Amino acid sequence: MESCSERSARSGAESTRASARVLYYLFIVHSVRIQEVNGYLYVTLWDKQLKRPRRFYLGKSSDPRVAELLKAAAELKVPREEVEDYLARQVDPAARTTKPELVVLSVVLGVLSCRWSGGSRAR
Amino acid sequence: MSVERRFKSALRLAARTVRRFFPEYAVVGRFARNFYAPPETTLDVDFLVDLDDAERVDELLEYASARFEVYPLEVGHWQYRLVVKGFRFDLVKPRGYRYDAEAASRRRLVRIEGVGELALLSPEDLAVLYLVSSLDRGVRDLIKAKDIVAYSKARGDFNEEYFLRKCEENRVKHLGLALLMGENRRRVFAGGGVERP
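Chains U and W supply the protein sequences, listed in that same order. Counting in this note's numbering, the first sequence runs from 47 upward without gaps. Counting in this note's numbering, the second sequence runs from 2 upward without gaps.
Don't read these hints as lab results, they were simulated from the structure. Since no wrong hints were added, every one of them can be taken at face value.
Once the Cα atoms are required to be at most 30 Å apart in a straight line, the calculated DSSO-like pairs of lysine-lysine come out as:
1) W/K154 x U/K97
2) W/K154 x U/K145
3) U/K106 x U/K94
4) W/K94 x U/K106
5) W/K154 x U/K94
6) W/K94 x U/K145
7) U/K145 x W/K86
Covered stretches of chain U (in silico footprint by chain W; criterion: 3 or more residues with CB under 8 Å from a CB of chain W, positions within the stretch not fixed):
8) 78-92
9) 95-105
10) 112-121
11) 138-149
12) 153-159
Keep in mind it's a predicted model, so treat the numbers as computed, not measured. A virtual CB, placed ideally from N, CA and C, is assigned to each residue, including glycine.
Sequences are here, hints too, so could you generate the full structure?
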């Protein structure tokens, strides 16, 4: 039979392992750590669908473009003030998209600015 | 006629022509992105169509070339341009992107006064398309994907589960997860009252 002290030691070890697992998961969820193994790049990311960490292949280490793109993706941010301004001024509440007249204006202004700067519109 | 009215008239004609041969078309590119995020100026409107369907492409080219400026005129290219009333409309099939029946069924119909209805690629599918094209075109397309995700989420119009599934199908799930990581991190910081990164 298991003694009280053994049971307590076992539960202590389990709790340490659980804490380590939580820390590991938090690290995976919030970080992008590129690993190089035998000339190939990998990243381990938290897969929100599978609810577990997953390793992705990023190509050869001699071509780190995908790895750099991945780091950039994790770093990109949209300032909250800009989001609030967009919601307040530019969204059509009925359609839940940008107001169509602003989207049309984006082409009109683009074409006019191109014309004024002497660029060719047609090609 | 003002530039705006002329553009609307041209867009109506172009959309009617594309719809006639490719009813499953979807508007993509910056014009579609502008419906999901603060608008940026653009010079053209892109239509995603199945350019691998040579028979339909041939019929469209024959029909459109009698009415507008069209080039190239031969079947087999990955991009075609119609010039209607001086405005550019591109027909594209981006390399490496899978446009399937499910994505077509999730298109958003938007109504523009003076144009009528247009079918846009959904915000999730458009973000995936930008992630796929970022593999060739780099960070600028990544930024467009990020804009679509961030602003669509703010509008309460983004299905993360569907987005990740489509990322997986298009082999860019790592980029999709990384893009969402920034989103969630900000939400954690904002919700927890801790300083924002």
